[in-house]
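Asker: Residue numbers (my numbering), protein chains in the order written: chain A, 184 to 319; chain B, 184 to 319; chain C, 184 to 319; chain D, 184 to 319.
Since the hints were derived computationally from the structure, they do not count as laboratory data. Errors might be hidden in some of the hints.
Identical copies look the same in the list; a pair holds intra-copy or inter-copy alike.
What the hints assert, rightly or not - Using 30 Å as the maximum straight-line C-alpha spacing, the simulated DSSO-like pairs for lysine-lysine come out as follows:
hint: 1; residue 1: LYS264; residue 2: LYS200
hint: 2; residue 1: LYS246; residue 2: LYS264
hint: 3; residue 1: LYS264; residue 2: LYS244
As the structure is a prediction and not an experimental result, all values here were calculated from the model.
4 protein chains.
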Amino acid sequence: MIEHEYTFRVMYPDTDKMGTVHHSNYAKYYETARWELFRNIGISYRSIEEAGYLLPVASIKMKYLKTTFYDEQLTIKTTLKALEGSVLLYFTYKIFNEQKVLINEGETELAFVNSNDWQLCDAPDFVINAIDNYNF
Amino acid sequence: MIEHEYTFRVMYPDTDKMGTVHHSNYAKYYETARWELFRNIGISYRSIEEAGYLLPVASIKMKYLKTTFYDEQLTIKTTLKALEGSVLLYFTYKIFNEQKVLINEGETELAFVNSNDWQLCDAPDFVINAIDNYNF
Amino acid sequence: MIEHEYTFRVMYPDTDKMGTVHHSNYAKYYETARWELFRNIGISYRSIEEAGYLLPVASIKMKYLKTTFYDEQLTIKTTLKALEGSVLLYFTYKIFNEQKVLINEGETELAFVNSNDWQLCDAPDFVINAIDNYNF
Amino acid sequence: MIEHEYTFRVMYPDTDKMGTVHHSNYAKYYETARWELFRNIGISYRSIEEAGYLLPVASIKMKYLKTTFYDEQLTIKTTLKALEGSVLLYFTYKIFNEQKVLINEGETELAFVNSNDWQLCDAPDFVINAIDNYNF
């Protein structure tokens, strides 16, 4: 299990006419947060694609607990659950506002595929090793 | 239970560098599809907001089964499960590509709130009546 | 000179906390409108990419004259100025609301490039012919 | 004239199937960059809205000189030209990639309006003062 915190601001175009953040944008926040976790253990998601792999999202769940607003600083606590069978990555996310109140939580499942044929495949060794090294 | 089908094209900005649709956009497709279902039973979502209510998303789940591509015509089959306790609306979605293959499925839970204070509230009568009338 | 009209609705995620459409979205509206003009003369933009070309935007100008709102039906009148030197496409756009009031106008310049090396290149013959045929 | 630099990364959902950044997103980059310039002189854009004003974009021009890619760090050099007649703000932008190459340039014109009626109005004193103080 690997954890990471990522802090960012709510941008104006993230908002909608309700005055809060459009719910679809949390999926984008999760995405940035999980690749910052990866960067923190020495792997950029870019390098995974450059090595011939893609990591499309297989499923996502999001719960919206409280509203948030333009310009607020939010912190995502991202957790990478261990690789399952070397093909799938599970992440969970908890988003906190400036008052440390949990406003959103969710999870995503991602699958390694070859970028040329989109067939499911094992994670490349450099990813497996980076995760293993970090866990010790 | 009310069902509706909505067909649309994948737009260029919906795609990402994987060459397929960015996963966050399905939440937007669901949103348009559910309000088209509402329009079909005589209520525009706009009229709900004009009456002093908002319908923020409380939770969403999405499963990505197959990729899709720019300019493809997709069809969403949306189902409104009956109002639960008059505060929550449950919708389910199934998205099919031009070959009638199921590529994505999901569900959303929405809550009626007053637009002035964001407090949970009962659905307004004109919404309840429209749903009831359509079911008979 | 080729003209085309495209009508669409303002979607909820197009709005921002001002209650109107976020200004960046007009660039997306222009994009859809110009490829619908192309579809109308027998060419899908998808077929241009499949033939090994891309049409990135080289420049854009947009003027915002009046606000618009969620769920409003807007009509874009798109004009393709003739190919200039066979490399550049010029389009102009005028967006009208339901009261036929001009709310936005703009222009874009697009350049043909080879998709493998992004080098500027002449438009493919099937595009030139479709434009020529339509003009007579 | 006030200048400011803002550095950020290209996010995955900013890309499109061309493999580069969708051209509409530069308008969002400009927006974040100009409010960071304002934050730097002691005013958050949020505080302008809280004081009863909006700053909608009246016009935008963007030129795309070179492509950029996912995960690249870009730097925007933003310049605020002096207030013109106390109603309009002019900003210019230059975006540089990691190799210090200019990849995009543009300008925006924004107008102060009252948030209750969207009528053009003078900039509030605290904005005028902050700009004047910074210039001396």
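Asker: Next, verify each hint and record whether it holds.
Answerer: Tested hints:
For a Cα distance limit of 30 Å, the shortest separation of LYS264 from LYS200 across copies, 26 Å, qualifies, whereas the shortest one inside one copy, 36 Å, does not. Proximity of LYS246 and LYS264 under a CA criterion of 30 Å is satisfied in both settings, with 19 Å inside one chain copy and 19 Å between copies. Taking the shortest alpha-carbon separations for LYS264 and LYS244, both the intra-copy value of 15 Å and the inter-copy value of 19 Å come in at or below 30 Å.
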